[in-house]
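*Asks:* Combine the two chains into a complex, taking the hints into account.
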Amino acid sequence: MAILEAKHISKTYTLGNRELKVLDGLSLSVENGEFLVITGSSGSGKTTLLTLLSGLDHPTTGNVILDSQDITHATEEELAPLRNRYIGFVFQSFHLVPSMTALENIMFPAELLGNPDAAEHARELLKSVQLEQRADNLPSQLSGGEKQRVALCRAMINRPKLLFADEPTGNLDSENGKAILSQLIDLKSRQGATLILVTHNPDISRAADRVLTINDGQWAA
Amino acid sequence: MKQGGVHILFLIRQLMRSSNQALVFILCVILSIGSITAFSGFSQNVNRVLLKDARKIHAADIIIRSASEISSGLSRAINRLVLDGRVEKTRYYRFYSVVRTSEEDKSVLSDVKIVEKGYPFYGEVVLKSGRLFHDVLIPGSVVVAQSLLDRLDAKIGDSLKVGFTTLTIQDVVVSEPDRPVELFSIGPRIFVADGDREALGLIKKGSRIRYMTLLKVLHTEKVEEKTNEIADGLIKTQDPGIESVDTFQTARSRIKRFLDNFLFFLKLVGFFILMIAGFGIQGTLTAFLNEKKNTIAIFKTVGATNRYITIHFMLIVFILGMIGIILGFFTGFLMQHGLAMMLDTFLPENLAISLSWAGILEGVFLGLCVISLFAFIPMYRIKDTKPIMILRKEKTKPPQKWPLYLSGVLSLAFFSGLVFWHMKDFRLGIYFIAEISGLILVSFLFATLLLFILKRLHIRSLPLRLAVKSMFRPNSATRPIIITLTASLCVIFTIFLIEENLDAAFIESYPEDAPNMFFVNIQKNQVEGFSKTLDRKVSFYPVVRARVASINGKIIDVQKERKQKRDNFGRMFNLTYREDLLETEKLIEGKSLFRSDWEDIQVSILDMVLDMRKMSVGDYIEFKIQGVPLKARISSIRAQKRETLSPFFYFVFQNKALKEAPQTIFTAIKAEPGQIASIQNQVVAKFPNISVIDVSQTAKVFSKMMKQLSKVVRFFSILSIAAGILILVSTIFATRVERIIEAVYYKILGAGKKFVFMVFALENLLIGLLSGLLALIMAQVTSYLITRFGFELSYQPFLLSCFFMILITLMTVVIIGVIASRSILNKKPITFLKEQPDV
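Residue numbers (our numbering), protein chains in the order written: chain A, 1 to 221; chain B, 1 to 839.
Okay, chain B solo, but in the shape it has when bound (with noise of 0.2 Å):
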């Protein structure tokens, strides 16, 4: 028999019927679609302007980075193009000097750069007044940023000493083009004319200065394809292990970087919002479905088959599921308008958010996916409704488990499939996954001993008791609510205990016998004057730049580590030779530091090497000092006793080996805060090619960084709560007759209107209280682990933000929980009875 099609005004009566359901639906939904479309979204907004403003962004078309001047064979390649008319080129310098006022009472820590005619080959430099920058910028002037004049109290016309030199501020820098590539300076920006470049004294062999190489495409046509042919050609002849070459497309900036990898993490939050959400949609459906049971036995009494019922509930499910997935998006778009808001120190100033048709698809379909794994039991228990349940409430015999084990792994399979997609990385993913589920097993698993303690409690107090019974009614979700609000809060905390900790370890105590002042460019034949100068004893660490060219006899990937989420061996490495081993430090492998029966060249190298590859004792890496190789063999792997910011270094080799390379100097000191300014200026006077760094103002700067993006980050956290809230509000909708129920033999055996009211007040505080406990206990063990064996760092539990944690959580549940109820709660017993003659 067919049954007569779709029965539209039956879809639109259940819809109507049960509008709040609906509608807590349709908010898991917008939440679940919204915040995994918001990040990935946003990621593909940034990445789009990042490519295509690349050209402004790097300022020319081919970009090629050294730490040194590059080598004889690119130079070559390039002049060749120059001189064929391919492309044109310009240079500039980057690095960091103190500068000071011409009487040399004040200093600044800038961000120096050097700039040859032609910067910039694309975008410009802004200047205050309106001039143009190569008009301004001649030798003998300085471009300063406003920032660098503020902290100096200088102005305009003001003389500035800069390296070696003294050179007039003759305007105020506006914008740059490769601002905010050039994102984390520590310092004001300063332009100086390659024509005072000698002059400036600070450019020698071991400085650390960043040599930048642009090239300008001169084709007029298929300038891309160009562009790449040309790149292609100097890559072949660069050195990869000291230069690198890149176009304005495959060039990965240092705000490229940042962004990838904290966009990456929200993208983690997103995925962990997206199944909580998904929690959500099946607790709402199944509570949706609950209370048409009755409705369903009807149906099926006058003769509907099961699947005449499921489609029309798969309908239902299917027109829900559209709205919210049409509304997330638009929820989506909106958290990025937030998120480029609450990140626009960071982000290109032209970001132009929209939404791509792949991106809609995109959402279409995983909002389809997630909506039909978590409707899949609600769906097919449809079938477990009899006709005879009208008649009689009699025990069902308990449900097929298969269903279940069926949807849990296939949510797993989609999950994991959506992880392994977006992050690329398959251990990462692994990782990822199995602490998303470790949390949420923990977190049943104290649940579920909770509640069974709390069942079997003897409590005197009536309403209380009252409470843990409501608890536990038919139907009343109470597990699935406190998992996963256990699990939101978790993430919560845990981030807020871990970012407190690092706060008060770095910045907000300051170690009291860490240094303070940083001194770094020192050059061998200054160590003397500036001990002097200083006028205390202090440790001398000499400092040689170097690759790691390969290990064993293979070579390393400088491109493939890039990549690399973590640590990596496509960095610049700091060398240092000594004999002996510091105070802070101690072997883990090997018997003393080096060893004296091996002929070979050693190296000791820091355990944290060993986090980026496997290495032993015995072992040969290969380094290369500004292209001349240096292969050294394992003597042993050290570890820091404990957390420290005295200096440390990867790689230490014995006197002998590096005692003659280029190298330069670097020096810490503990110095009282009010002599910070006094001593910078005496030192940079003497010594213009020192870089002072005051560490605790750079690390004030960094925190208020940090603080900036944790905001982000905690606010997209609170999205996570929020689904659990909806679970919460969903099953207070689904109990609704139980709870009518209750509140009317308690009034009619004589409670009051308060007395009811506490029960279910009480009933969502204990929910409340059980999640945050439960939360907070296992955020303070995870941020403890990190803490002290990821960041090595000494722990503090912060109790007493915690109390202030949990008291907003009790408060949050309990309000929505008692506004969920008011209609509950005002419901006159002979009201009820009336409308409810089977009773």
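With the rest of the complex left out, here is chain A (with noise of 0.2 Å):
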């Protein structure tokens, strides 16, 4: 059963007096469980399609179904918890709030729920990824690859049902940038999420069930 559709979404900026199509009538359909990468180049919409398909953005034209909700109009009021209970995000450059520490960024989402064993959770979360004895650091005293660990768990916090991540490894090296990959998939799996991933990195692309890449705004051939 799919868990996410896009029909036929297109995506237009108007920068000063010039419009720029970023995308062009994708559809997509993404199964319950999956693991999509969706590659591209540079400027090919990779991240303008993560955006529209995650409720962040809306489509110029087309619909967005989510858990066969329609979410291609709905506010920011309706997106909230959507976003909080059922949708994950791993951002390339981590996104974390400066002004919390390892262990309140990841239970942050949890609480919002309302959830009494936040900080349980997420310290076992921490744990998971080896990083317990930096639950009270904040960002600035953290590497990259403990960055996006962190991340990695406040998006698996409340067991969401989609993960997306965008160019999850790309501010990392390569070392950091496989655990990172290795930890996702791993934690998507204990917890049956489905996970859509853009990146231009192939390695990744082979771990995937399935790839997509888009090429000017439209699935390539």
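Certain hints may be false.
[Claimed, not checked] List of simulated lysine-lysine pairs, DSSO-like, C-alpha gap at most 27 Å:
(1) B/Lys161 to B/Lys686
(2) B/Lys537 to B/Lys670
(3) B/Lys386 to A/Lys7
(4) A/Lys21 to B/Lys386
(5) B/Lys106 to B/Lys532
(6) B/Lys56 to B/Lys128
(7) B/Lys226 to B/Lys670
(8) B/Lys386 to A/Lys161
(9) B/Lys532 to B/Lys686
Keep in mind that the hints were calculated from the coordinates and are not lab data. Given the structure is predicted, the values throughout are model-derived calculations rather than measurements.
*Replies:* Written out as structure tokens, the structure reads:
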């Protein structure tokens, strides 16, 4: 059963007097539990596609249906609980809250959900990525790899159905990158989540169930 | 989905992390609450003391004032009360007279008080010797102020000529209960026993004497109630045009009137600071939330709702606001003490500064309202931060305008309500609000224009060009800073320029041709002898003291008139009579001073009378001259041709109308400064009843007082500049990252620390310069208009002083800007790049 569907979605940006069409009539269906990689060259529209699929942005035309819910025109108030409960994000630039410790960053989505055991779950996740000793460190005190592992844990704490990762190893060295990818896939498997990952790294693509390539806003042949 | 409660740690972290912005926000709140509670609280404390000690301050329970002997009806009523044993009565007479040494070689204008036994009923007159006042003040004796001894070079035991008699100085008065009620006395105090009243020969019909009757209520229970009852009974018998009956609670002493007016003005300054600081609150909060945009976007990405985020930031604002309010109270309390010290000459001795619960509650309510109003827009804009901005900083659609309009309308309504509530004068309130709105609007328009021009200038100098670019960086708030600084500086510069012009006109450069000696209380039969004594040609002006009883049949409510802050019909007027216009006058309505075709008694009025009530030629005014009514028809309206210190009269009658009325004569001469003392001695030796006023000396006394008052005003006006500075500082913090990026790029590309410093310094210099120049131009225009058309004086721009004021402004803005930026200047590029991989 498809957990995520995109039907003929397009995205056009207006820059001054110009209109820039980044995506052009893409359709997509993702099965529950699938590991999908979307790849393409720089500027091909992969990150834009990810933002549309995850509800961070709205398509200019077309529809996005997430777990049978059409989120195309959903308001921020309607999307917030979806993001909190069903979606996890891992970004290239980590985007941890600078004023929160590693543990607090991970706990936060669970606290929003009203989970009384948020701290315990967060510690478990930290342990699973071998970072329990860094629980009280601020992001500025962590290495890139450590930051990304914390971001990973934050994405997983509410056991989301969908995980979106945008170039999660983009800012890491190859060793850390491999470690992150491994932990990402491991967590995904354990929680039975669906993972949609954007990358231009061919090594990552090899681990996926399916790889789709974007070229100039459309699926490559 | 319910989002889990309040995240206390989140609140604490946000506060700790943005401690600089939090501090600036708190300072803005302190400034706004501190200033309004200082002025409002001080006013309440002063009024409380004046009321609490009113018995002592007025020396009685009931005070009856009159410009002549009290009417027979009132006198009978008082005597009945005395006979019934309900009150005790005493009287005193107060007037100015020139007293001189027995050798007639020195004289001084003095504030004479002839007192009966029994004065004062409350409080005491303290003598230097420690003896009892009425043991010392027996007929033949005087008790004087130390300053009289100093000025006449006299000592205790010396003789003093007062009026037509000679008395012996027996002691020195250290304090009396009703000073500073008797404020603005232009001469030292002399107490004379009532037994010498006749011998003095100074109390005559037409003389300017204040007749005071004091009553002490002898009931032992419910004294205040009985006092009011007795006073109400006496009021029914008073002649309202001539005498006034007040209790110690209702009597408006001169000091109370003065303080009411002065504190009223300070309250206006307080409102202005409150408003400017309010903009500071909005500015710092906007800057604070701008810093948090990334954090807010991340929260939304992980599912936090707008409501959740808004509630948390509202709590932060509330916590910071309460800290600011509490500290604001404390600051306001300290400022009250400061005010008490600066105004000590004018205040009752036992003034105690305290905070009442009502005052605290009012302050908290006010503080929360101000914070809510100015926090509304920044908090509302939280919803405009979308999660997508962490990935892409695209241009979002322009924010909705309606919250801005709503906020503007609510703020205007709040401030208007506050002004009307405190001022209790609708017309003045409207003027004030209109003036402040105008000031801000003009500042806004000029600031926008100047920035528009600046942005389009082609600048060759690289650091200057970069500095100009920096002024227009996103979130820079350059325009609000300039508007705030301009408005604040304009107020200060205007006060300074008006004060300097008044000083120049009256004090420092006393007009060459203006008279500097005034002679009052000349009796009709003394005119010839007086002229011979002066040995020069002088113009004599007859003076008839009167009240305005009604205008066109509408009776003047004296009590209501006196409540007004401007000149009004609640006071006595000096009428005069002549047949011709003075050369300093011109007619603005009516063909001649008086009309030959009218049978009525006619009066020509000065245009200043129209400021009190609209009138025109043909209207009727009824006067009361020592209780005797006189109805006159307005025959013409005059105006003065130019500013002059020559005598002028509001009401001029024909000779036949007032020639036989009780009157004194007044004249003024221009004497050489070195001759003033000897002329005074000669005149008073021959005519002891004539009061001689050395105007230049008097002007110096007032100048000293004005300088003391204006120091207070300027000090508190500087607080409004502090609000502008706070906005400047908060903007620097808000644009910290952008400034760091700029500094890092400059350094990476080869610029040294000096270059970077110069760019930042130039940016602040430009802000200071634009604000200062704009403020100066506006202040010059405003001061010119007020001086030329309000005071009708010639105007000087005082350019050198203005130059220094601009220089001080520039230095302040540059120094503060550079201090706030110093950590940015010292940032190493590599450190920054490691911290910010996203950039």
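*Asks:* Hint by hint, note whether the structure agrees.
*Replies:* Here's how the hints hold up against the structure:
Annotation: proposed proximity of B/Lys161 to B/Lys686 holds, straight-line Cα distance about 12 Å (limit 27 Å). Simply put, B/Lys537 and B/Lys670 have alpha-carbon atoms about 11 Å apart, close enough for the 27 Å limit, and the pair holds. The hinted pair formed by B/Lys386 and A/Lys7 meets the criterion: a straight-line CA distance of about 24 Å does not exceed 27 Å. Between A/Lys21 and B/Lys386, the direct Cα distance comes to roughly 21 Å. Compliance with the 27 Å bound is thereby established for this hinted pair.
Of the supplied pair hints, the one linking B/Lys106 and B/Lys532 holds, its CA atoms being roughly 21 Å apart against a limit of 27 Å. As the CA atoms of B/Lys56 and B/Lys128 are separated by approximately 20 Å, the hinted pair is consistent with the 27 Å bound. Distance check on the hinted pair: B/Lys226 and B/Lys670 sit about 54 Å apart at the alpha-carbon level, beyond 27 Å; violated. For the suggested pair B/Lys386 and A/Lys161, the alpha carbons sit about 23 Å apart, so the restraint of at most 27 Å is met.
Taking the CA atoms of B/Lys532 and B/Lys686, the gap is near 11 Å; set against the 27 Å cutoff, the hint holds.
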